Each structure stands twice: as C-alpha cells, then as structure tokens.
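All the letters of the sequence shown, read from the start, carry residue numbers 4 to 345 under the numbering used here.
Think of the hints as simulated: they come from the structure by calculation, not from any bench. Small disclaimer: the values here were computed from a predicted structure and weren't measured. There's no promise every hint is true.
[What the hints assert, rightly or not] Quick list of in silico lysine-lysine cross-link-like pairs, DSS-like style, CA-CA up to 27 Å:
(1) K294 - K131
(2) K7 - K298
(3) K112 - K102
(4) K131 - K112
(5) K7 - K251
(6) K327 - K7
(7) K36 - K131
(8) K112 - K36
(9) K7 - K112
(10) K253 - K112
(11) K131 - K253
(12) K102 - K36
(13) K159 - K294
(14) K251 - K159
(15) K7 - K131
(16) K251 - K131
(17) K112 - K327
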Amino acid sequence: MGVKTLFPPSTVKPQSQYSIAANIANERTGAKKTGFGHLNGGDIAILRDSFSVSTWLLLGGALQVLLSFLFPRSYLAIPIVGILGWRIADAYLMHFGIKKNVWAEGVIKGKWSVGYPSDGETEIVHGKPGDNGPGAVMILGAKSNSPLGMFADGYKGVGVRFHDMLVQLEDKAEESGCKRSKKVMNPYHQTDLPLVMGMSTWVSAGERPTNNEFATISYWRSVEDIHNFGLSPIHREAWNWWNETISKHKHVGIMHEIFALPERQGWEGIYVNYQPTGLGMTTKAVESPEKGGQKLWINPIVDASRGVYRTSHGRMNRGDPEGKSNDSVIAKHPYTSAVLMQ
C-alpha cells in the first residue's frame, strides 16, 4: 500500500526556499515578496548580522539624539512607546489565540517526513524510504572577516556571482527537467544544466556575534550533476573572477562541501510542528501517465505519525515497515496526523 503525499501535484515548478527569500521570479509566480523595498529577505539577514546588538542600539540612540534637535523630546517618546506597546500586545494576542498567529503560517502540525514517488507515479509513494530522492547535497558558504561586514570590498562581488549562479539554476532547472547527459559535455558550451531539487539559505549564529557565515544548502540528483555545473560557463566566470581578485580580498572567505547520498543507505528527514524546509522544500518532476505525460512537480512531504515513516529504522530502510520498533523502548508516540496549519 502506498503513502500519499500531503500536498497535491503542481503543474508549475514551485519556488525553492532560496528563491522565495531572494524574490526570484516573484513577478512570474505571483508569490509574496520578502524583505523591505529593494532589500530581499537574504539582504536583510546579512545586514542585520553585520553589526552587533549594541551597535544597533547605539545607532538607534544616535538617531534619537539627532531627532531631538528637531522635535520636542516628549514628542519623540510617543511613536517609540506606541510601536513597542503595540508589538507587545500583538505578540500576546497571537500567543493566546485571540489573533491569528502569523508566526505559524505554513507550519505543518504533527510529525512528518519525506518520501519521493518512483518514475511514473505522482502523489502516491510506493517505493521504500530513501528511494528516488537526492543523490548529493552541496553546501555553499561565504563570509566577511572584515569589521565592515557586508560593506567590505569584494563581498558584494562574491554575493552577486553567488546569486546569479543560483538564479540560473532556478531558471534552467525547469527547462532541463530530469535529463542528464550520458557523455562528457564541453563545459564551455554546456546547454543542459542539471536539475536542482531544492535550495535553502542559512545564517550561522553560534560562531561569533556578527559577520557570521551565510550558506546555501542545495539538493541534487547526483554528484556528477554538481561537477557538470561547476564546469558550466556561469560558474567558470565566477571562478576566474575569484582567482584573479583573491589577492585583493583576503578578508572574504568562501567554502563548499559536497556529500554523496547513496539511496537506501543513510539519509532521512523528520520534522515536528515545522514549516516545509530542507528536504521538505525539494520537488521531483514526474510525467503523469494519467494526464498524457504532463509534467508535474511533486512535493515529497508525507505523514510520519504512523507506518514505515514513523521510526528512524523505517525511514532509513533498515527494517520496521510497520513503524513499531520504538514501542517496546519508549512511550507511544503523541503525534497526530500531519495537518497544514492555516
């Protein structure tokens, strides 16, 4: 018996987390923009992380002092007290359920996991956990080691090229579908860019108080696809620019890590009361036999409160197809079926 994914198939390729945060193709898809003005969500995260909390407080205090020369000090207190009071009240109204909790938008209540349909299937997953998912994961990271943070010379150049490469992956993935060349292609004339199943962006928060690492996690069909993209024209241009300018930008750091993920041998995803993220924001393109071969994009989210996806042994395809291996060692699971919170 198969497992049904929680979300219906889409005839339009969904945006990845990175695409949403960077406002890529928002006009085409009609998705809600993130950020403020010309700054997208990623820009604001980097800007906020470029200065310590004390620096931001001092900047606010300096602005208050400057405004005090133009307006009576009693007037300046009105907007500060009013806005702060409203935000505190608003938070409590949402916390106690009196007002809709916007912080929980998109959160899937309960326990869920990821399962990918086989070729020719749509939203019903008959394969074993681990089948048909990503074959490789790549982490790309960049950081500024300068007290100027994102305003340091060279950091913008890295960011622009980083962004352009990921935009091209988003745009070309839909065109290339699941096709992969079986022969070595000329890397300078490559036309069929590989399919990325999903990308998400993170800011490291534990290493230092400011100028933390900004990283993107991407899920690929195979390591070969990553290497092919590494030899594509847009990546070669960025590579050459870095090699030519590295002596000027010793305060800018970049990194990448690649992990091969053999199917059925060691990966899983489990989430409780969480919004779609990571593997949960990947998609798989399939051709639907019921719809004359129409291409559909499948989100792999499945209920993990019962069955094979309930336990780690089951999700990692190490036995336990009925999801009962935990019953003798821990209490019965408290999770209900996964439901998308509105």
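Structure-based check of all given hints:
1. K294 - K131: At roughly 25 Å apart (the allowed maximum being 27 Å), K131 and K294 satisfy the hint.
2. K7 - K298: Given that 27 Å is the threshold and the Cα spacing comes to 18 Å, the pair holds.
3. K112 - K102: This hinted pair holds, its Cα atoms lying about 18 Å apart.
4. K131 - K112: holds, 24 Å
5. K7 - K251: With Cα atoms ~54 Å apart, K7 and K251 exceed 27 Å; violated.
6. K327 - K7: Since the Cα atoms of K327 and K7 sit roughly 20 Å apart, the hinted pair holds (cutoff 27 Å).
7. K36 - K131: violated, 37 Å
8. K112 - K36: Satisfied, since the Cα-Cα distance of roughly 25 Å is no more than 27 Å.
9. K7 - K112: Within the cut-off at roughly 17 Å; holds.
10. K253 - K112: violated, 46 Å
11. K131 - K253: With a Cα-Cα distance of about 47 Å, the restraint between K131 and K253 is violated, given a limit of 27 Å.
12. K102 - K36: Roughly 23 Å between the alpha carbons, so the hint for K102 and K36 holds.
13. K159 - K294: Given that 27 Å is the threshold and the Cα spacing comes to 46 Å, the pair is violated.
14. K251 - K159: holds, 13 Å
15. K7 - K131: The hint holds at about 13 Å.
16. K251 - K131: violated, 51 Å
17. K112 - K327: Satisfied, since the Cα-Cα distance of roughly 22 Å is no more than 27 Å.
Violated hints, listed in ascending order, are 5, 7, 10, 11, 13 and 16; each of the other numbered hints is respected by the structure.
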